[in-house]
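Starting from the two chains in their separate frames, assemble the complex, guided by the hints.
Residue numbers (the numbering used here), protein chains in the order written: chain A, 1 to 116; chain B, 1001 to 1169.
Incorrect hints may have been included.
[To be verified] Distance ranges between label pairs, derived from CB positions: (1) Thr-67/A - Ser-1005/B: 38 to 44 Å; (2) Lys-53/A - Ser-1116/B: 33 to 39 Å; (3) Arg-76/A - Thr-1004/B: 53 to 59 Å.
[Said to hold, decoys possible] So these bits of chain A aren't anywhere near chain B, every CB distance computed over 10 Å: (4) Asp-33; (5) Glu-59; (6) Thr-65; (7) Lys-66; (8) Arg-68; (9) His-69; (10) Gly-70; (11) His-74; (12) Arg-76; (13) Gln-105.
Hints listed in this document are in silico derivations from the structure and should not be mistaken for laboratory results. We put the CB at the ideal spot given by N, CA and C, even for glycine.
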Amino acid sequence: MVVSTTESDQADALFHALADPTRRDILAVVLRDAHSVSDLARHYPISFAAVHKHVGALERAGLVTKTRHGREQHVRGDLATLRSAHRLLDDLETLWRERIARIEQVLTDPTETAPE
Amino acid sequence: MTVTSVVKDADARTMTITARFDAPIGRVWQVWSDPRQLERWWGPPTHPATVTEHDLAPGGTVAYTMTGPEGDRHRGWWRVRAVEAPHTLEFEDGFADPDGNPSPDTPTGVVRVALSELTGGGTQMVITTAWASVEAMEQILAMGTEAGMTAAVSQIDALVSRRLVRSDD
Chain A
1 MVVSTTESDQ ADALFHALAD PTRRDILAVV LRDAHSVSDL ARHYPISFAA
51 VHKHVGALER AGLVTKTRHG REQHVRGDLA TLRSAHRLLD DLETLWRERI
101 ARIEQVLTDP TETAPE
Chain B
1001 MTVTSVVKDA DARTMTITAR FDAPIGRVWQ VWSDPRQLER WWGPPTHPAT
1051 VTEHDLAPGG TVAYTMTGPE GDRHRGWWRV RAVEAPHTLE FEDGFADPDG
1101 NPSPDTPTGV VRVALSELTG GGTQMVITTA WASVEAMEQI LAMGTEAGMT
1151 AAVSQIDALV SRRLVRSDD
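For reference, chain B alone in the conformation it holds in the complex (with noise of 0.2 Å):
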């Protein structure tokens, strides 16, 4: 299995999840530093994301395009506010209007990832996830979770129950 532990503080607003992957950190990194790869795993597989600019630096900016099946289009950005690689990416995680400009009315999220080599191989991976309010969450899911909706309606039960047969593991 390859998430271990999560961990929801509903007080803080937080989740922790901790997966490990059988792959140096180096090329775990490379989900997150190349766009090619990122763009691969960030949307759901009925709305893939085009990362249309990728600056992972403090103060850059990553930018992403996902398209629906209709054709409908929903921008967001990452602001990094902190990398040091191979280990460690900290940003901002929002929505933007169809020009690609931040929507200044919606909420951001802070995403913490944090890599480390594990005794024996492999490599763990920490995501840690903040929003300053409740409905700054309600907010971002809505918005975030809008483009893969429909996907995430009628594969709910499927998510469940395989969660479910998963945590035997």
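Looking at chain A on its own, in the form it has when it is part of the complex (with noise of 0.2 Å):
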């Protein structure tokens, strides 16, 4: 198995993306329904261009994909990809991975046979 940089900066990018409250809200916003960016923008109080950018994060993550209707984008959660999905459960597979080489420790732990 290769693992090449590009993987692990998308990882990067998809933590970076989810690790903003605001991003998530507009990820599940439009996951929902496709939305206009200027239509996310009325949603939230912060300025257009802050909405634009952490649009341009979700997209970097592969989360969302913008899509040009006339003069306007619209933005809609990347649902169908299964791009997505797996890369969900290869985060997925990282958490349980440490977490199985978290239990083998508690088991070679000597004290841990001791009797309390």
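Printed below as a string of structure tokens:
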């Protein structure tokens, strides 16, 4: 298995995108329905530019796609993409691999087998 | 190597991870059944978990709080669906508000644990996690890993490279 920098960069972008509560909220909204950036901007007490930036971060993480409708760009959560799901499953794998490594530590800790 | 196989199904939104431990089944069961042992591995090292409630019976609740380096607290719970010591455990896994009440707007995942004795000693543990939807998965991962987010981002390269090394075992 060859792990490229691109793969860890993608994971990084995903974590970065999901680390912000506004971005998580935007994602939740556009997963339900496509919205224009100006539509989204009306939802939040932040500037159009700030919303635009958040959408950019989500887009880089592959979580949303933008399509042009006349003068406006519509943002849609990338629900159909299996790539995204695969990546989430990769994150989940990492989470459980780490847990299993810690279970192994607990099991091999000599102080644990002694009665407390 | 502890982890012997990982099977991911993006369509079914499930992941099955199988691990083998050089310990008897009763001993491996304890890492789930003993809250003091559970809290040593459930949360990431930067966000250790404290288990505040631990009723491993059908319908029972396991509640925990993870505390981060900034003193930030993240609460979560399990709702036990089935338990048969020392072989199987199935629970819903979700997040809670700061008062510990399950957040109604956060989705839950289902975790199934199956332990079996290996011929020649040792124990196999099969963990299956499942979600109802991709949105649910995204949300639960976003929130579930939020606690360990900082650590996860900085350690991601290390994790990926360690996985590389281990895959040669």
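Each hint tested on the structure:
{"no.": "1", "hint": "Thr-67/A - Ser-1005/B: 38 to 44 Å", "in the structure": "40 Å, holds"}
{"no.": "2", "hint": "Lys-53/A - Ser-1116/B: 33 to 39 Å", "in the structure": "51 Å, violated"}
{"no.": "3", "hint": "Arg-76/A - Thr-1004/B: 53 to 59 Å", "in the structure": "39 Å, violated"}
{"no.": "4", "hint": "Asp-33", "in the structure": "13 Å, holds"}
{"no.": "5", "hint": "Glu-59", "in the structure": "15 Å, holds"}
{"no.": "6", "hint": "Thr-65", "in the structure": "14 Å, holds"}
{"no.": "7", "hint": "Lys-66", "in the structure": "18 Å, holds"}
{"no.": "8", "hint": "Arg-68", "in the structure": "25 Å, holds"}
{"no.": "9", "hint": "His-69", "in the structure": "23 Å, holds"}
{"no.": "10", "hint": "Gly-70", "in the structure": "28 Å, holds"}
{"no.": "11", "hint": "His-74", "in the structure": "19 Å, holds"}
{"no.": "12", "hint": "Arg-76", "in the structure": "13 Å, holds"}
{"no.": "13", "hint": "Gln-105", "in the structure": "7 Å, violated"}
Checked against the numbered hints given earlier, this structure breaks hints 2, 3, 13; the rest are met.
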